[in-house]
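Mind assembling these two chains? They're in different frames, but the hints should get you there.
From first to last, the protein sequence lines stand for chains W and L.
According to the numbering used here, the first sequence is numbered sequentially starting from 1.
According to the numbering used here, the second sequence is numbered sequentially starting from 1001.
Relax, there's no trap hidden among the hints.
Here are the simulated distance ranges between beta carbons:
(1) 1164/L with 120/W: 22 to 30 Å
(2) 204/W with 1147/L: 54 to 62 Å
(3) 29/W with 1078/L: 37 to 45 Å
(4) 99/W with 1133/L: 41 to 49 Å
(5) 133/W with 1083/L: 30 to 38 Å
(6) 120/W with 1218/L: 27 to 35 Å
(7) 46/W with 1252/L: 57 to 65 Å
(8) 45/W with 1059/L: 43 to 51 Å
(9) 81/W with 1078/L: 27 to 35 Å
(10) 198/W with 1147/L: 46 to 54 Å
(11) 1133/L with 188/W: 43 to 51 Å
(12) 1117/L with 193/W: 39 to 47 Å
(13) 21/W with 1059/L: 32 to 40 Å
(14) 83/W with 1117/L: 18 to 26 Å
In short, the hints are calculated from the structure, not lab data.
All residues carry an ideal CB built from backbone N, CA and C; glycine is no exception.
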Amino acid sequence: MARKDKKEEKLKMKMVRIYIMGKEYKVPEGLTIMKAMEYAGYRYIRGAGCRAGFCGACATVYRKEGEYKLNADLACQTTVEDGMYLVQLPFTPANKATYDVNKIKADDKTLVNFYPEIARCVSCNTCTKACPQELEVMDYIQSALRGDMKKTAELSFDCIQCGLCAMRCPAEIAHYHVAQLARRLYGKYLMPKAEHLEKRVNEIKRKRFDEEIGKMMKRNIEELRKMYNARDIEPEEEEEPKREGD
Amino acid sequence: MHPASIQGEKMEVAYYPGCTLKTNAKDFEETAIKVFELIGIEFKELDKWYCCGTVYSLATDNLMYRLAGIRNLIRAKEEGYEKLLTLCSICYNTLKQANLMAKSDKEAMEKINAFMDEEPDYDGSVDVIHPLQLIDKKFYEIKERVKKPLNKKYAAYYGCLLLRPKEVAIDEYENPSIMERLIEAMGGEAINFPLKNECCGSYNVAVNREAVIERTYRIVLNAKKNGADGIITSCPLCHFNLQEMQKEVKKIHSDFSGLPVYYFTEIMAEAFGVKNEGR
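This is chain L alone, in the form it adopts within the complex (with noise of 0.2 Å):
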């Protein structure tokens, strides 16, 4: 369908999907399968996989919420892989610091690596990935691909889960530009945006609504004010609450107009024309 003019090499990667990924967020999942196939890069689902633990537990002492994260790379390491993709901010930064940890802390390698005695050993070995650490080697292949320029002004919003801690950062920690560089490699405009790395709120939207409500009225403003059409993204709860709060936003400001917000590979589908292709 496309001229054989696009070179680079076909890799074949495998893929995470994570719980979200198959409920909420299946058009992330769908577009993100189809765009990063034309540029090469299949996704091969793990065969066997849990869920992540959804929040990498900062208590230090509790290694029984870090048996998910161990678990899912013994079974992509047992499948021959030594990288794993995952598309959800929250499933990557999880299993990243869970891999962080079995190649830095002996100890408590040591006592799940006992409890979980009928799984082989792990060691840290398998690199957890996301896929937009894979855009600046496929530069030629995104612009190639590009049927309709997108021609707008996007909001690159990072959040927290890509960046921090910064020993598991995707890209500059304080002034990340990935998603910058494929916004403008697909002919649309990446705006400046103070706020990209703000939090969210995250979990907060299910206690403390307020909290997430201010924190999208604050970083959806920005991006207005900054010139933004829409706003771009890899985490469904970030999508959820900065497109669902602004509903709640309205109600307390009501001179406050709306943007939406897509998952980045969606605005990749656009893009490349194969948007709602197939469905």
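Just chain W, with the same shape it has in the complex (with noise of 0.2 Å):
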């Protein structure tokens, strides 16, 4: 009985189709294009990461029947369409310099530096409208040109390093890479240090916490418990009224 619902739930739902690397299936409308692959009988070893639009591993390129643009996305993200000509890109290959951040300076030629090809961005735009994440690729690879490290760091803040961007520059540019470097540097040098940080991190390189750390490291789960629910919540200091009087 259950099974014979089953089949008739299936007949009522509405197909699709689509062509994988050509050749064409017949898919339930609304599925992502991951899971219309898996339902095709295609079995993820690479290009699937978390399933949830984060990771970058599922890079996806398709264009639609009739249409001359090809489009760029996730996988995991993107749901299928009748018509849709589907491929996957689980790697891109660009170079990525070798560098130890340590060892290196944050100036205003870093990053043309260590990645010369920046310097051959026309300016085509063709990498913000493959950007899954929807961001300003040509401009932080255009802040990277002139050395503008904050910007480009800012810019790409969102980047899932997906490499599609890279797949479809003409200038054979790996934004991904130059983005990650210019973070990386952002971060290390320029970014104002959090003082609150490093006084706590010191606290904890003088044993401060460890009496009591080891206190706790000898009571069972119920003491732990009890411990957490009846746990003292520190009141916010200062900033409190003022949040109440915004």
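Listed below in structure tokens is the structure:
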């Protein structure tokens, strides 16, 4: 009985045609590209990760029937449409510079020295159009070219390193690697240091909390639970009244 | 800080810096912003801008190299500007020629507009200007601002990119005189300088240094023989070639003694008494 219901449900389900590397399949409407490929019988060994749009492993390129435009997106985030031509890009063969971030300087020539290809940018904007995160990719490459580390780091902050920008670039720039170097340098050398963090790390190093931790380690789970529920929650200092007044 | 005797309109103008002004030619940008503000012209840097493309491509069928110029002009228009000012001679030339194409080559613009389908169509309506073109209008303000008259002899070096092709020239393309007028307005003497519009050799410095060394020798020697104490320019690449290649010239011609090379805004800052101020 249950089986029959399922079958009927399947019959009612609207199916769409997709082309995986040129071969036609019929898959249920509403699936993501990733699930549709699995439905069609493909098994992901590479090119799949978090399945939630964060890891950047499932770069995919597709074109819709009757359109000339190539679209780039993440397979786990994009729903199949009737007449989609699909291919997966599990890896991008882009050059990655080798460096020891502790030994390099963050000046206005660092990025272009490690990635001289950025000087080949002609402002075609294809990278920006390819980005599934909707970043202003061309703008951060242009910032990198003029040595603006802060802007490059900020504009590229949400990059998930899927590599689609690099695959579409006529100037063969490895955008996402350039941006990663910029963020590393910006974080290490240019961003203001968090003083409270340094203070706390020093306290830990001076073993200020060791005794307390040692005591806790000896307790059983029930005691820990009680302690947790009865813990002091520190009142917010100073800022609290200000916030209420906002 | 100065008497309110300075009249004339205050104006704001959209400013396109270009990559070099943010890196190797920071002195040029810093002095320019400062001295032009003193004569009532405020530079408003575009929110978004891209490398100009470095050289205007002479291959008429390769439109890919025209995209950067046009896209910068679209940004200026988008921000509501009808004029776009840039300091670097190379950026000026590239953007000016890109706009010239936008106005005159319909077929090319159809292709470019179709390719840049994420942008509004561009019609060539942003006028690209060089700050030297504003000098004549600000003569009075310049003279008023001079605290330390220059009292030196300068060779005004234009190079090619402010003058060629003649359609983009900021002045008489065979015998320009804007920079000479600027020098004289600030109490300096502009020397007669026949090689003021000779090419410095440009990017050949990367592939054919000997040619640039030879040119530097001829140009600097010509300025020197005509009595110059220094050379002024508006081009970071001319500045680099004429300044840096003098060391190489000395290796070949031991009797050669060089000349300092300045951006025209540096001698303005000097005359206005604001050089190295706030740095």
